[in-house]
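Protein sequences appear in the order of chains A and B.
Using numbering that gives the first Met the number 0, you'd call the opening residue of the first sequence number 0 and step up by one each time.
Using numbering that gives the first Met the number 0, you'd call the opening residue of the second sequence number 0 and step up by one each time.
Any given hint could be a false lead.
[As the list claims (entries may be wrong)] The calculated label-pair distances, taken between Cβ atoms and stated as ranges, are:
(1) Ala119(B) / Ile12(A): 24 to 32 Å
(2) Asn290(B) / Phe28(A): 14 to 22 Å
(3) Gly58(A) / Leu319(B): 41 to 49 Å
(4) Ser197(A) / Phe46(B): 50 to 58 Å
(5) Phe27(A) / Glu326(B): 17 to 25 Å
In case anyone wonders, no lab produced these hints; they're calculated from the structure.
These numbers come from a predicted model, not from an experiment.
A virtual CB, placed ideally from N, CA and C, is assigned to each residue, including glycine.
Here is how the chains run, residue by residue.
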Amino acid sequence: MNQAIRSAWVVAIGMFALVLGSLTYVQFFQAQELNANPWNSRQLFQDFGRQRGAILVDGRAIAESVPSQDQFNYQRVYNEPELYAHLTGYYSLSLGSTQLEDKESEILSGTSSSLFYDRVVGLFSGVDSEGASVELTIDPEIQQLASDLIPDDQRGSIVVMEPSTGNILAMVSKPTYDPNLLSGHDTGIIEENVAALSERPGLSIYSNPATESLVAPGSVFKLIDAAAALESGKYDADSVIPNPPALEFPGIEYSLPNYVTGGCISRTTADLEFALEQSCNTPFAQIALDLGEEAIQEQAAKFGFGEELSIPTRVIASSFPSDLTDPELAQSAVGQFDTRVTPLQMAMVTSAIANDGQQMKPQLVKSIRAADLQLIESPQPEVLRESISPETANQLTDWMVNVVDNGTATGAQVPGVEVAGKTGTAEVSETGDNAWFTGFAPADDPQVAISIVMENVDIPTGQQLTSPSAKRLIEAVLNR
Amino acid sequence: MSDVLTVPRSRRNIEFVLLLLALTVAISANYLAGAGREEPFADHFWFQAITLGLMGLLIHVILRFRAKYADPVILPIVIALNGIGLAMIHRLDLSAILVNPDYPPVAPQQVTWTAVAIGAAAILLIVLRDHRILRRFTYISLIVSAVLLLLPLTPLGLEINGARIWISVGVGTFQPGEIAKITLAIFFAGYLSTNRDLILLAGKKIGPLQLPRFRDLAPMAAAWLVSIGVLIFQRDLGSSILFFGLFMVMIYVATSRVSWVLIGLAMIGVGVFFALELFSHVALRFDSWINAFAPEVYNRAPGGSAQVVQGLFGLANGGLVGTGLGEGRPDLVTYANSDMIIAALGEELGLIGVVAIVMLYVILVSRGIRAALGTKDGFGKLLACGLSFTIALQCFVVIGGITRLIPLTGLTTPFMSAGGSSLLANWLIVALILLISETARRPAPTAPMTDSFPEALGGGKPVKKRTAKETTR
Numbered sequence: 000m001n002q003a004i005r006s007a008w009v010v011a012i013g014m015f016a017l018v019l020g021s022l023t024y025v026q027f028f029q030a031q032e033l034n035a036n037p038w039n040s041r042q043l044f045q046d047f048g049r050q051r052g053a054i055l056v057d058g059r060a061i062a063e064s065v066p067s068q069d070q071f072n073y074q075r076v077y078n079e080p081e082l083y084a085h086l087t088g089y090y091s092l093s094l095g096s097t098q099l100e101d102k103e104s105e106i107l108s109g110t111s112s113s114l115f116y117d118r119v120v121g122l123f124s125g126v127d128s129e130g131a132s133v134e135l136t137i138d139p140e141i142q143q144l145a146s147d148l149i150p151d152d153q154r155g156s157i158v159v160m161e162p163s164t165g166n167i168l169a170m171v172s173k174p175t176y177d178p179n180l181l182s183g184h185d186t187g188i189i190e191e192n193v194a195a196l197s198e199r200p201g202l203s204i205y206s207n208p209a210t211e212s213l214v215a216p217g218s219v220f221k222l223i224d225a226a227a228a229l230e231s232g233k234y235d236a237d238s239v240i241p242n243p244p245a246l247e248f249p250g251i252e253y254s255l256p257n258y259v260t261g262g263c264i265s266r267t268t269a270d271l272e273f274a275l276e277q278s279c280n281t282p283f284a285q286i287a288l289d290l291g292e293e294a295i296q297e298q299a300a301k302f303g304f305g306e307e308l309s310i311p312t313r314v315i316a317s318s319f320p321s322d323l324t325d326p327e328l329a330q331s332a333v334g335q336f337d338t339r340v341t342p343l344q345m346a347m348v349t350s351a352i353a354n355d356g357q358q359m360k361p362q363l364v365k366s367i368r369a370a371d372l373q374l375i376e377s378p379q380p381e382v383l384r385e386s387i388s389p390e391t392a393n394q395l396t397d398w399m400v401n402v403v404d405n406g407t408a409t410g411a412q413v414p415g416v417e418v419a420g421k422t423g424t425a426e427v428s429e430t431g432d433n434a435w436f437t438g439f440a441p442a443d444d445p446q447v448a449i450s451i452v453m454e455n456v457d458i459p460t461g462q463q464l465t466s467p468s469a470k471r472l473i474e475a476v477l478n479r
Numbered sequence: 000m001s002d003v004l005t006v007p008r009s010r011r012n013i014e015f016v017l018l019l020l021a022l023t024v025a026i027s028a029n030y031l032a033g034a035g036r037e038e039p040f041a042d043h044f045w046f047q048a049i050t051l052g053l054m055g056l057l058i059h060v061i062l063r064f065r066a067k068y069a070d071p072v073i074l075p076i077v078i079a080l081n082g083i084g085l086a087m088i089h090r091l092d093l094s095a096i097l098v099n100p101d102y103p104p105v106a107p108q109q110v111t112w113t114a115v116a117i118g119a120a121a122i123l124l125i126v127l128r129d130h131r132i133l134r135r136f137t138y139i140s141l142i143v144s145a146v147l148l149l150l151p152l153t154p155l156g157l158e159i160n161g162a163r164i165w166i167s168v169g170v171g172t173f174q175p176g177e178i179a180k181i182t183l184a185i186f187f188a189g190y191l192s193t194n195r196d197l198i199l200l201a202g203k204k205i206g207p208l209q210l211p212r213f214r215d216l217a218p219m220a221a222a223w224l225v226s227i228g229v230l231i232f233q234r235d236l237g238s239s240i241l242f243f244g245l246f247m248v249m250i251y252v253a254t255s256r257v258s259w260v261l262i263g264l265a266m267i268g269v270g271v272f273f274a275l276e277l278f279s280h281v282a283l284r285f286d287s288w289i290n291a292f293a294p295e296v297y298n299r300a301p302g303g304s305a306q307v308v309q310g311l312f313g314l315a316n317g318g319l320v321g322t323g324l325g326e327g328r329p330d331l332v333t334y335a336n337s338d339m340i341i342a343a344l345g346e347e348l349g350l351i352g353v354v355a356i357v358m359l360y361v362i363l364v365s366r367g368i369r370a371a372l373g374t375k376d377g378f379g380k381l382l383a384c385g386l387s388f389t390i391a392l393q394c395f396v397v398i399g400g401i402t403r404l405i406p407l408t409g410l411t412t413p414f415m416s417a418g419g420s421s422l423l424a425n426w427l428i429v430a431l432i433l434l435i436s437e438t439a440r441r442p443a444p445t446a447p448m449t450d451s452f453p454e455a456l457g458g459g460k461p462v463k464k465r466t467a468k469e470t471t472r
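Model the full assembly from the supplied sequences, consistent with the hints where possible.
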């Protein structure tokens, strides 16, 4: 009987050996794979249980983690949520994170390699390492004003930049939303809120329209045509271009007209100054046909078209179409057809003109500080490229001043300040147009560049919401 | 008869030192579980520490007087396991309370059950004195087992999560099957030790197989069918496996015939096949095991693989060294304090900690088997070996299920999982093994006392001596 008992013991030991083996397999060899499994919410709980750094504007937290009495320990809270929603994005259990909460996540959560030293200190001192905070370049007053200048239900964006540094002073899009609705810890409530928000026309909770929506630029694109014309050497201030009321194309039933109501009708030829002032289509269409698709495309690329940026949030690439027929090229050159830009892209074009042709990289982050307020990183102004020569920049500036003084953008005039600007109207549908203003001031020492786009509005409303708004923003920035 | 030399030393002082060590481990674990979440020395901490300490010392003192030569390692191991279990249950309570302040804590109940279970073990040690007395109750044990197993099917029974294995006993619920495990083991040990020779010799030989006479085997088969049948109707797969393992190992030890094991394994195969075909819950379990990571299986409710997959995530999160007590998220696993407590321990104590716990079980089972080897009576051998093996099998089924080595079945981890019936049953098993180890290690008797008991059946010639009390079949 003892021999059988010994055998039973061997079997028992064999079973223990099997479970020890399978424990080792799971906890040691399979652990990494299991930890990375998307169903594994432990990483999520770990991340959400951490005191995440704040996002600051002028020293005030617009996003911060406050202690909560639930299993996560901390709750992400957005202050002035609707004003900054498109910049901060959200940090959501069920939706993931977006915008700065996504792109600066490693900094905010304290897992970035630049915070390695703090983590080592935390490891030995036993103090949980907190995330670093991110201070933005945004000026809260300008941001507020820009927000006030877009009616709540109007889809539109305003970008205010400092041309010499690329610092973004305000970046607002409407409609906006409250990210607090998406950052709670009850996934059921988040689901309901997402459903409710998706009912709102024109609202996108997943992207920032100022950097991630592409709209037709209309006549503001003529600045790029004019730049291409000057840079080509074939045109200068004295060049005279035919200005027919409509441009006919042989063999097809299509013509590109000037606007009937505008001042273009008064002249049959135009120089570039007049063509910009009254925003005449036919001269620019002819310039584009003369220089060719590639020249326009090249100039657009020099202004940053076709390139994604990370500021550090994502800026999608603006585009000028290729392989065009003549009528398509004519249309594209006046910002129609398949020409598409982000609102920030137009602010970058204007900033480059304002900054003597040097295009600065747009910056949204001013500084990154560890939890002990020690400065970790402070992005320096960065030249992206020379978009145009200083001479071309000066010439364009003069013409843009003329647009505000005598042309289509008189609404942007500021007493005592020379303002340079350009308006645009892109026909996008039967129901409305995209109304644009882009410009900068003061013309001789640019402090501010502005791009405003109001989508799908009638022309009078569009005019009302663009140039006069630019005037108020310029005044606000110059009077800071 | 035994070829294992026993050392005629009581070793009670060693037990005392080991017991203090076990209590230190258990109480420190309990402190760490609460640290940072509540004031460090809350009432519950003292309640838990003092209960465990006093009850452990109580058994130790009883052993000093009543079973001086009992194995000195078993008690400290069991106290350590019980204490670590209590600490983890307490720690999981704190997490649950954080989410829901009205959550009724499980740990105080479990501490009370610990006191009851160890108290019952103490009474058994005092009253029983010698395990061989139980042999007189062979057939009574069978009847008691049947009654216990049938109880949940009466109006007293409760169905929880599809398994009807609980009864309501006023203050709470009780799982009579846990106690039936012991009474069935007693019946089998008694029956097999008495009828071993007849089963072995009085039968036809067909080929290599020596088949027993039907009437010799009939009570066995009946008991087997009743218990398995009842378990299937109660939908408790885990206990079915456990009982089956218990029968198999006891028959094997009694007969030393591998052919019986092969027959048993064949029967398991047939049983599994029919269970898969006939019972949807068994088929779902199997599917959840094979396809645990398929989305439709993971999300299936009930019967999905979310529980086992979450348990694996917990173990993976623990990795080699664990997150530390109170630092992980074992509360994300359903039934973390009962069926899945090994996943919780693996997460917070790491592979190193959980291997240490498994090693405690290895030593516990080995000491039980050692007692079976050492004791001189066949009844004691069968009982100690059967009960010890059951603990090993239970660990295998539980940990194997959690690590996806085998399909997950709802079984408690002995001494650790929340649940009073299991704790009580396992402490009674410990008392029995301690008594058997006492007879195994006691110096050769000089008094005629042992003669009043039948000499065991063993490796030697079966010379039967029967007392007047011992009835023949």
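Consistency of the hints with the structure:
no.: 1; hint: Ala119(B) / Ile12(A): 24 to 32 Å; in the structure: 30 Å, holds
no.: 2; hint: Asn290(B) / Phe28(A): 14 to 22 Å; in the structure: 21 Å, holds
no.: 3; hint: Gly58(A) / Leu319(B): 41 to 49 Å; in the structure: 44 Å, holds
no.: 4; hint: Ser197(A) / Phe46(B): 50 to 58 Å; in the structure: 53 Å, holds
no.: 5; hint: Phe27(A) / Glu326(B): 17 to 25 Å; in the structure: 19 Å, holds
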